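Let the sequences and hints guide you as you build the complete structure.
Taken in order, these protein sequences are the chains called A and B.
Just so you know, we're using this note's numbering here: the first sequence kicks off at 1 and counts up by one.
Just so you know, we're using this note's numbering here: the second sequence kicks off at 1 and counts up by one.
Treat the hints with caution; some may be incorrect.
Any copy, or any two copies together, can satisfy a pair, since identical chains are not distinguished.
Claimed, not checked - Quick list of in silico lysine to aspartate or glutamate cross-link-like pairs, EDC-like style, CA-CA up to 16 Å:
#1 108 with 368
#2 37 with 125
#3 425 with 99
#4 73 with 125
#5 11 with 325
Simulated from the structure, these hints should not be mistaken for laboratory data.
Being a predicted model, the structure only gives us computed values, none of them experimental.
2 protein chains.
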Amino acid sequence: MDMQQLAQRAKAAAIHLAAAGTDTKNRALEEIARALKARSADILAANTRDMERSEQQRLSAPLLKRLRFDDAKITEACLGLQSLIRLPDPVGMTLSALELDQGLELYKVTCPIGVIGVIFESRPDALVQISSLCLKSGNAVLLKGGSEAAETNRILTDVIAEAGDRAGLPNGWLALVETREDVTGMLALDRLIDLIVPRGSNAFVQHIMNHTNIPVLGHADGICHVFVDRDAEPEMAARIAVDSKCQYVAVCNAAETLLVHEDIAEIFLPRVHQALVAKGVEIRGCNRTAAVIDCRPATPEDWATEHLDLTLSVRIVDSLEAAIDHINTYGSGHTDVIVSGDPDRGVRFMNHVDSADVFYNCSSRFSDGFRFGLGAEVGISTNKIHARGPVGMEGLMIYQWRLMGDGHIVADYSGQTPRPFTHRKLDKPFPA
Amino acid sequence: MDMQQLAQRAKAAAIHLAAAGTDTKNRALEEIARALKARSADILAANTRDMERSEQQRLSAPLLKRLRFDDAKITEACLGLQSLIRLPDPVGMTLSALELDQGLELYKVTCPIGVIGVIFESRPDALVQISSLCLKSGNAVLLKGGSEAAETNRILTDVIAEAGDRAGLPNGWLALVETREDVTGMLALDRLIDLIVPRGSNAFVQHIMNHTNIPVLGHADGICHVFVDRDAEPEMAARIAVDSKCQYVAVCNAAETLLVHEDIAEIFLPRVHQALVAKGVEIRGCNRTAAVIDCRPATPEDWATEHLDLTLSVRIVDSLEAAIDHINTYGSGHTDVIVSGDPDRGVRFMNHVDSADVFYNCSSRFSDGFRFGLGAEVGISTNKIHARGPVGMEGLMIYQWRLMGDGHIVADYSGQTPRPFTHRKLDKPFPA
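As structure tokens, then:
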């Protein structure tokens with residue numbers, strides 16, 4: 001089947017999956033866990049072939065590590081499935097209920113978005129997570145994985161689809177595509193696919209955003225800041241700065257720029273400098289920073305650069321307002337941190353920094369779906385609409401307005417003597 | 001100022017408007033109401049010039065009616081402002097609170113989207129409504145109105161902006177643009193404008209959607225259906241069909257296609273035929289319909305056509321499932337109605353029809369922000385993400401994740417002996 005046919009089949013399946021009961025979906029999740037264990041030898045063999053081929057192709061060690069899918073990963077995936085089974089069904093929840101008039105009741109009820117296209121990196125465990133999140137939330141899903149994981153992804157998709165069949169899920173709710181042409185095809189199908197979730201490099205996500213009319217949920221840049229305010233506790237500020245920069249440098253929620261209030265710069269900078277240098281961090285400082293600590297001079301491009309490496313841009317600012325301006329100008333709306341002794345200044349920072357995640361006295365690295373208690377994460381969004389920051393199952397939901405009447409027509413509520421609406425809040429769920 | 005400068009100024013203003021207190025915003029709404037009354041003579045004079053020019057240009061009577069902005073409209077606008085003042089401030093509401101660990105608390109707090117671009121039709125009262133909705137929700141707004149209303153829009157914008165200045169709103173939160181080139185300019189500013197709301201014809205909205213990377217909230221087609229099920233009460237079904245089609249034909253929530261279950265067709269069709277013909281409706285029926293009532297033959301294009309006129313496509317279907325399929329194939333995801341004597345079949349219809357609004361035993365014409373109790377309406381959305389159906393102030397909001405710590409770093413929650421997260425629900429609002 002080509003991309004268009006897969007998407008058509010997925011759209012048809014989505015209608016039925018949206019109406020599937022909680023029991024059916026949970027049974028399918030159980031079946032998937034069972035099948036992953038039952039087929040583990042085949043899965044591990046496929047993964048070994050992917051690993052061997054990738055080693056021959058000199059894939060880097062961190063990427064090889066992400067590619068590995070072994071018994072421990074299968075156990076972890078099954079634990080994830082069990083915790084998903086325990087979560088309440090997000091479909092069919094009544095968000096509001098309003099009597100418009102006697103016998104005319106309006107309900108706002110959650111429902112799946114429809115067909116989700118997910119383009120993900122080489123981790124095969126992401127395939128299990130994403131497809132099970134889509135299943136529980138009632139969404140059909142078209143997956144495009146990394147070519148390094150081709151064999152692992154293929155067998156995982158087969159195992160999951162077959163388990164779904166046995167549980168009575170509509171055929172075609174899950175499909176795997178493999179080529180770049182398939183991705184191009186996906187982006188053109190705005191009448192069949194409702195949302196694209198691209199995970200990957202900045203340039204890749206930007207490319208997706210620029211080449212489709214389908215809404216895209218994700219983030220390109222992750223230029224995160226730590227601002228050390230004038231009355232910050234220097235020891236705490238240094239720990240947070242080091243953790244935000246160094247705990248895992250290659251990820252979107254790592255800090256790229258350290259902003260320091262001028263009143264604390266002479267005390268704080270030497271201290272953090274020592275800690276950063278000990279971790280192997282190269283500092284690119286503004287002129288004022290260079291007068292306090294030893295560093296390479298920062299260029300204006302540094303403020304707008306996601307280093308994703310052991311490099312940190314450092315700038316001294318005059319005030320809280322100057323820090324906020326810097327972040328709103330050069331940041332990417334992802335995660336920004338203030339370290340301050342004054343909670344009121346923390347709140348001022350949060351009220352004025354236009355980012356998905358704003359943190360007070362803690363590391364930028366907490367910005368993550370698991371740490372946020374969302375369970376698995378679909379991705380992190382820097383969008384300004386729908387879902388922002390770490391996105392769990394909630395980001396795969398939308399709602400439908402359901403109006404229950406008894407022959408009501410609008411003509412009675414118009415003209416010379418219109419019937420008034422009661423608009424009375426109801427405290428009851430949609431009568432399903 | 002050109003479009004880029006206006007948008008830059010709006011973005012800067014949006015940061016401050018997002019942090020403006022409820023009192024400041026309500027004071028501004030009061031000032032606007034006061035100023036509309038104080039400047040009413042000037043406003044009416046400007047509107048008279050617009051009306052006279054438009055009459056000379058032979059604008060149609062319904063458009064002239066929409067263009068008129070008289071004393072009654074000013075009074076109505078002021079009532080709208082008063083009711084907006086009474087509404088709770090949608091900014092800063094805590095949607096959830098979670099303890100991640102001792103002293104590390106995560107809050108999901110509502111905030112404005114940022115800068116909204118609204119392109120609206122000739123009604124000057126829409127300008128007052130939209131700008132006041134944006135103000136209360138803390139969003140900056142760039143408006144493009146119809147050229148017929150140029151003078152009225154200009155003075156209304158001045159009056160509102162000046163009133164905002166007096167109340168202490170940030171300069172530039174509101175701006176009016178006037179040319180088509182400005183709209184083109186708007187669509188290119190995806191780094192400054194966060195959401196476009198286009199109101200107008202199908203072709204116009206489609207054009208907007210195809211020419212911007214900015215998220216668009218709205219609807220192109222409004223192909224709404226009424227399905228009369230086998231056990232519908234024929235008298236009720238006829239009333240609902242006539243109201244859905246005829247109560248106001250030129251609007252997006254008017255019915256375009258009537259689907260009739262085959263078991264009821266011979267009883268129902270002659271009855272509704274008579275009522276529709278009495279209203280001057282032309283019926284385009286499928287072959288089976290033509291065997292029961294006098295009508296023009298329907299072509300396949302009719303199923304996908306938004307007539308927006310006294311024309312109704314009619315088709316006999318074999319089953320509830322066939323009706324659902326027809327709607328999901330030809331509909332536009334706007335508003336679809338089932339008339340049935342069986343609520344279970346109503347719920348089945350709602351569970352399977354993938355539309356923003358699904359109604360049971362009432363007219364499609366109820367699909368409207370005022371009737372839904374949302375207060376004023378920004379527009380009606382057939383999007384699958386963010387906001388669906390009639391969109392009130394809630395559709396102009398998003399949220400921000402706020403994490404309050406006390407020196408917490410991620411290194412402590414990683415490695416060989418990671419600290420566990422508590423992920424304990426908190427029952428308290430963000431401490432602002």
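> Failing hints, ascending?
Replying inline: none
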